[in-house]
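2 protein chains.
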Amino acid sequence: MSGNKSFRPRARLPRGFRDRGAAEIAAERAVLDTIRRIYESYGFEPLETPSFEYTDALGKFLPDLDRPNEGVFSLQDEDGQWLSLRYDLTAPLARYVAEHAQSLPRPFRRYQTGTVWRNEKPGPGRFREFTQFDADTVGSASPAADAELLMMLADTLEALDLGGDYVIKVNSRKLLDGVLEAAGVGLDDLARRGIVLRAIDKLDRLGLDGLAKLLGQGRKDESGDFTKGANLPATAIDAVLKFFAANDPESGRGGPRSNTQILAELQSFVGTSTIGAAGIADLVALNELIAANGYADGRIAIDPSIVRGLDYYTGAVFEAQLTFPVANEAGETVVFGSVAGGGRYDDLVARFTGQAMPATGVSIGVSRLLTALRNRTSAQIAPLVVVLAMDKAGLAESFALVRELRAAGIRAEAYVGDAGLKAQFKYADKRGAAIAVMEGSDERARGEITLKDLALGAELAKSVESRAAWVEGRPAQIAVPRGELVARVNAMLAREG
Amino acid sequence: MSGNKSFRPRARLPRGFRDRGAAEIAAERAVLDTIRRIYESYGFEPLETPSFEYTDALGKFLPDLDRPNEGVFSLQDEDGQWLSLRYDLTAPLARYVAEHAQSLPRPFRRYQTGTVWRNEKPGPGRFREFTQFDADTVGSASPAADAELLMMLADTLEALDLGGDYVIKVNSRKLLDGVLEAAGVGLDDLARRGIVLRAIDKLDRLGLDGLAKLLGQGRKDESGDFTKGANLPATAIDAVLKFFAANDPESGRGGPRSNTQILAELQSFVGTSTIGAAGIADLVALNELIAANGYADGRIAIDPSIVRGLDYYTGAVFEAQLTFPVANEAGETVVFGSVAGGGRYDDLVARFTGQAMPATGVSIGVSRLLTALRNRTSAQIAPLVVVLAMDKAGLAESFALVRELRAAGIRAEAYVGDAGLKAQFKYADKRGAAIAVMEGSDERARGEITLKDLALGAELAKSVESRAAWVEGRPAQIAVPRGELVARVNAMLAREG
Chain A
0 MSGNKSFRPR ARLPRGFRDR GAAEIAAERA VLDTIRRIYE SYGFEPLETP
50 SFEYTDALGK FLPDLDRPNE GVFSLQDEDG QWLSLRYDLT APLARYVAEH
100 AQSLPRPFRR YQTGTVWRNE KPGPGRFREF TQFDADTVGS ASPAADAELL
150 MMLADTLEAL DLGGDYVIKV NSRKLLDGVL EAAGVGLDDL ARRGIVLRAI
200 DKLDRLGLDG LAKLLGQGRK DESGDFTKGA NLPATAIDAV LKFFAANDPE
250 SGRGGPRSNT QILAELQSFV GTSTIGAAGI ADLVALNELI AANGYADGRI
300 AIDPSIVRGL DYYTGAVFEA QLTFPVANEA GETVVFGSVA GGGRYDDLVA
350 RFTGQAMPAT GVSIGVSRLL TALRNRTSAQ IAPLVVVLAM DKAGLAESFA
400 LVRELRAAGI RAEAYVGDAG LKAQFKYADK RGAAIAVMEG SDERARGEIT
450 LKDLALGAEL AKSVESRAAW VEGRPAQIAV PRGELVARVN AMLAREG
Chain B
0 MSGNKSFRPR ARLPRGFRDR GAAEIAAERA VLDTIRRIYE SYGFEPLETP
50 SFEYTDALGK FLPDLDRPNE GVFSLQDEDG QWLSLRYDLT APLARYVAEH
100 AQSLPRPFRR YQTGTVWRNE KPGPGRFREF TQFDADTVGS ASPAADAELL
150 MMLADTLEAL DLGGDYVIKV NSRKLLDGVL EAAGVGLDDL ARRGIVLRAI
200 DKLDRLGLDG LAKLLGQGRK DESGDFTKGA NLPATAIDAV LKFFAANDPE
250 SGRGGPRSNT QILAELQSFV GTSTIGAAGI ADLVALNELI AANGYADGRI
300 AIDPSIVRGL DYYTGAVFEA QLTFPVANEA GETVVFGSVA GGGRYDDLVA
350 RFTGQAMPAT GVSIGVSRLL TALRNRTSAQ IAPLVVVLAM DKAGLAESFA
400 LVRELRAAGI RAEAYVGDAG LKAQFKYADK RGAAIAVMEG SDERARGEIT
450 LKDLALGAEL AKSVESRAAW VEGRPAQIAV PRGELVARVN AMLAREG
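Chains A and B supply the protein sequences, listed in that same order.
Residues in the first sequence are numbered from 0 upward in steps of one, following numbering that gives the first Met the number 0.
Residues in the second sequence are numbered from 0 upward in steps of one, following numbering that gives the first Met the number 0.
Treat the hints as calculated values from the structure; they're not laboratory data.
Mixed in with the good hints, there may be bad ones.
Just so you know, same-sequence chains aren't split out, so a pair can sit in one copy or run between any two.
[Said to hold, decoys possible] EDC-like, lysine to aspartate or glutamate: derived pairs with alpha carbons at most 20 Å apart:
1. K429 with E39
2. K120 with D78
3. K391 with E287
4. K201 with D154
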């Protein structure tokens, strides 16, 4: 490779991608293991689909349909067919189920975790690959399938020590369709329905005024960009706004209402709409199951303001929100917000087969969940012992020492570089090692080894008057019999806690 | 999405990619956990680099340099820069180290596991994405760094229960360079050196005759394809052939030789070559360390026939081979072969920085290792209990039953579909469930539940004379008090073993 010495590439990360270090990897592994344990206890089994799908099989179901390149990484295969990296784990599942429909148990319940890619404009905290953890039930139209996912998600958040700090909000797309139908808007204009759903999804940010504009002719934002509206008739806009005003949890209508109360009130908004009535019936059945199992205690709450932006949802939609306060980029205190979402998508498999196939699923945004958990979990790698290399002759003995420590379950490494002792201490420091072990030839002859408590040493160094005195005194450093290596290291680690 | 009903994509996997099911995923997870545990006990820490790197940063170091599109999946970013999916975990490490050279401990030791992509022609058992598990030590030129990796690899293979079934072969590129130098061939013609290395890498398959042709003008294979040779002078070809003939383990020179014996014999082949002498000195130092730690007992063996195809190796090269017999595609019995490889690559970081940075690493081909372990490991998901839905009213109670089972550590699911009892039994069968639990309204009134041992039931069904008698007799099915659910299920699972 040094054949072309004239060209020297710059070492840099591609835009929107990042490297991850030991602490984050350990935290993610702990979270994934917890989710996996709960999901497997529910009888969900793992499936892995590949990174690539044929572009036509993947379809176009990204949240941001407005973007020109559609947010997907695509390339052409040698045979001319287009491949795309998966942007979620739902579209590949639909392909898998359509391909194997005859042989799968029905309902088919699987979980999958892995990287997904979005070819979006990168920004601060906005990356182009991240980890999702999905569970889906395909082949059941029963609200029991949705209820099971919701209870499993609640159990997972509890197992992640988030008890009391989350709420899982549930709604049904059919309910909103019922409101629109009752107001005389047809549901077969899918583009218009999509604009309505995305507008409602932004309700939090834009308020009822902004929503009214997006339901009407459109809205110009602060930067002057214009978003085309759904052009609904005034009566329909009025019905939708009344619906959300009545169901605004901030509207101060006297404390939180129970799921049963909310469901009773919703009835008036769907009028005689068949689809609206079906939506309410689904939510009633779902609520019965979660209530009977003790999850309707505020953890799983009916909330008509949840719509989820994706076009493909057809029934129940859900979103898990963390309710503890965090500071946003502007320094304001806000609740952390969404870490998982999902819903019922009864048409995705039919794209391939033409056969109806009910399905429902939930996806955890693992990267976002990790951000939320950052200051709460303590997934740590065990303390490290570094055996320093005092002389070349002692290298084989260094390896013998670390093998002995490892056999006792202690994480240990021999210094395998070629620098002097001062550089080796600097190395041990950068590695965050707890203890350094040294065995010079004199010590070896005496049958001794020296242990240095690096944390204690650093502490003492702060209070000693002069560096010379500190070096002379060799604090936190003791010579012990070679045969007591493991016992003395364990004692030192125990003292550090 | 049903907006465009005219187009119905075919549900199919992209060529060269595959789906993976529960058994393989569980087996891979067990293998990854074992490798991780050993590597972390050695003090290696995890690092994750992204899937994509800038194409210029990735370089071109694939084994098969002959292929036209160079084997990489690449696409152009919106800003015109080319991105490529990583084809191994070494090139991204070089980029990472070059980017952070100042702040990293030296030596820098990290492990990384993840998917790598090769844009190659797919074939049977030949996939375009697979899993690797790498460990590397950057910033040490000491043979101790190589020795550490080799002992860690041996410990890993032992932990995977492969003790006695593997050998890790070690060589040095410097040795071969020494043979060539002694025969008067310059080492600065990198293209020619590459042809020589790839030719030697095929020695197993082509034999000494085929090697002679590739070192000379070239070789036509059975299909008539011609591979250009290295055009070495006859004296050099002769020296190389003598070197391999003398070191052929199959040459019947009287049983296996010790590392020390082999190193003594190699001396004669490098003559007065400085680089050859350096190669022997490296291997002697490495062997001293592994011998002193008990690994030179045949597990780590010096073997001059190992060269590894990659151009970028500069010193020690290693390869772990599984020695147990398997049948190849032609039905012949062969040894399983390579599952891990690596070596010293002192120039990769310098590509970016211009500064020399010694480095050495080992990569485990996890997918290949899984194939080898397939019939040996027993990574299994725990037995499953399915609670059947007898009536809609009982659904909430079904969930209560599975929650009770799960709390006792039993994997359990409630049937959440909407089919009848016959279809539910078929479902439990397809899911491989061990036990079905049923609670009809009559039983509920009596405070009972029914357990059916599905494995025993299937067994009995074979021996019963008529299906009618079998259905009547309800074998392997018992009614038990509701309060004894967990105890009775545990007893039934214990009986099945």
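**Identical-chain pair category, K429 with E39, by Cα at 20 Å** = between (39 Å within a copy, 17 Å between copies)
**Prompt:** Can you tell me if K391 and E287 fall within 20 Å by alpha carbon in one copy, between copies, both or neither?
**Reply:** Result: close only across copies, 11 Å inter versus 73 Å intra.
**Asked** Which holds for K120 with D78 at a C-alpha limit of 20 Å: within a copy, between copies, both or neither?
**Response** between (30 Å within a copy, 10 Å between copies)
**Intra- versus inter-copy proximity for D154 and K201 (alpha-carbon distance at most 20 Å)** = neither (29 Å within a copy, 55 Å between copies)
Comparing the model with each earlier hint shows a violation of hint 4 alone; every other hint is respected.
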